[in-house]
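Respectively, the protein sequence lines represent chains D and P.
Per the numbering used here, residue 1 is the first one in the first sequence, and the count goes up by one each step.
Per the numbering used here, residue 114 is the first one in the second sequence, and the count goes up by one each step.
Simulated from the structure, these hints should not be mistaken for lab results.
The beta-carbon is built from N, C-alpha and C at its ideal position, and this holds for glycine as well.
Quick list of in silico lysine to any residue cross-link-like pairs, SDA-like style, CA-CA up to 25 Å:
| hint | chain 1 | residue 1 | chain 2 | residue 2 |
| --- | --- | --- | --- | --- |
| 1 | D | Lys100 | D | Asn22 |
| 2 | D | Lys5 | P | Pro152 |
| 3 | D | Lys54 | D | Leu66 |
| 4 | P | Lys184 | P | His142 |
| 5 | D | Lys5 | P | Gly171 |
| 6 | P | Lys183 | P | Val132 |
| 7 | D | Lys5 | P | Gly153 |
| 8 | D | Lys37 | D | Ala70 |
| 9 | D | Lys5 | P | Lys170 |
| 10 | D | Lys37 | P | Thr199 |
| 11 | D | Lys71 | P | Gly171 |
| 12 | D | Lys100 | P | Lys183 |
| 13 | D | Lys112 | D | Ala41 |
| 14 | P | Lys116 | P | Ser200 |
| 15 | P | Lys170 | P | Thr128 |
| 16 | P | Lys131 | P | Asp172 |
| 17 | P | Lys166 | D | Gly95 |
| 18 | P | Lys168 | D | Gln3 |
| 19 | D | Lys37 | D | Glu58 |
| 20 | D | Lys100 | P | Glu169 |
| 21 | D | Lys71 | D | Ile20 |
| 22 | P | Lys116 | D | Asp59 |
| 23 | D | Lys100 | P | Met140 |
| 24 | P | Lys168 | P | Asp141 |
| 25 | D | Lys37 | P | Asp172 |
| 26 | D | Lys5 | P | Ser200 |
One-sided excerpt, in silico: chain P residues whose CB lies under 8 Å from chain D:
| hint | residue |
| --- | --- |
| 27 | Gly153 |
| 28 | Leu154 |
| 29 | Gly155 |
| 30 | Leu158 |
| 31 | Leu203 |
| 32 | Gly216 |
| 33 | Gly218 |
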Amino acid sequence: DQQVKQNSPSLSVQEGRISILNCDYTNSMFDYFLWYKKYPAEGPTFLISISSIKDKNEDGRFTVFLNKSAKHLSLHIVPSQPGDSAVYFCAASAGGGGFKTIFGAGTRLFVKA
Amino acid sequence: DVKVTQSSRYLVKRTGEKVFLECVQDMDHENMFWYRQDPGLGLRLIYFSYDVKMKEKGDIPEGYSVSREKKERFSLILESASTNQTSMYLCASTEGGYGYTFGSGTRLTVV
Numbered sequence: 001d002q003q004v005k006q007n008s009p010s011l012s013v014q015e016g017r018i019s020i021l022n023c024d025y026t027n028s029m030f031d032y033f034l035w036y037k038k039y040p041a042e043g044p045t046f047l048i049s050i051s052s053i054k055d056k057n058e059d060g061r062f063t064v065f066l067n068k069s070a071k072h073l074s075l076h077i078v079p080s081q082p083g084d085s086a087v088y089f090c091a092a093s094a095g096g097g098g099f100k101t102i103f104g105a106g107t108r109l110f111v112k113a
Numbered sequence: 114d115v116k117v118t119q120s121s122r123y124l125v126k127r128t129g130e131k132v133f134l135e136c137v138q139d140m141d142h143e144n145m146f147w148y149r150q151d152p153g154l155g156l157r158l159i160y161f162s163y164d165v166k167m168k169e170k171g172d173i174p175e176g177y178s179v180s181r182e183k184k185e186r187f188s189l190i191l192e193s194a195s196t197n198q199t200s201m202y203l204c205a206s207t208e209g210g211y212g213y214t215f216g217s218g219t220r221l222t223v224v
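Chain D extracted, bound-state conformation (with noise of 0.2 Å):
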């Protein structure tokens, strides 16, 4: 039973458009929302997180929007850049230090030039 769902496991985008890669998730105590980008040959690194006190946060030109009504978040990218095209991951947390954070299946994105 997977707590933490990316439903599109690709999406394909144009250069300067945005990018929504979006994410679900089942467990109501998960308190810490995060995205990470991988690289291939490369282990994943932090992109960008979220707390379930705040609906958005923002960082240049990625943006994460939490519904915790729908227990759902989108990572926004605008615009896009070759640069992006990656494995993107969603994961979740409950409690304190981080530990155990479930991550989602990932999506592959293409940002075409």
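Since the structure of chain D is provided, determine the placement of chain P on it from the hints.
Below, chain P alone, put in the same frame as chain D:
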């Protein structure tokens, strides 16, 4: 920048072999983790450690053990490798916050 180093990028082992995957971090982090990444399943936690000689089971510990004799080093051990343990293994560390720093991964193939 904190660095997490995994000793091998690629490994090929035979069924039944005992396999050691090594991970070293250089920023004095308390917490270290081992995940495996499989297509369609994302990253699944095998074991984690919050202090030297301390370990906790993750979601899929069966067939694995770990060792943390020094703060900077966290080893994953496959006691008797099986083909269903063919996977990408990722080590991570964190100071105590939520953002992990991952190593580059070890792609293990068990034949």
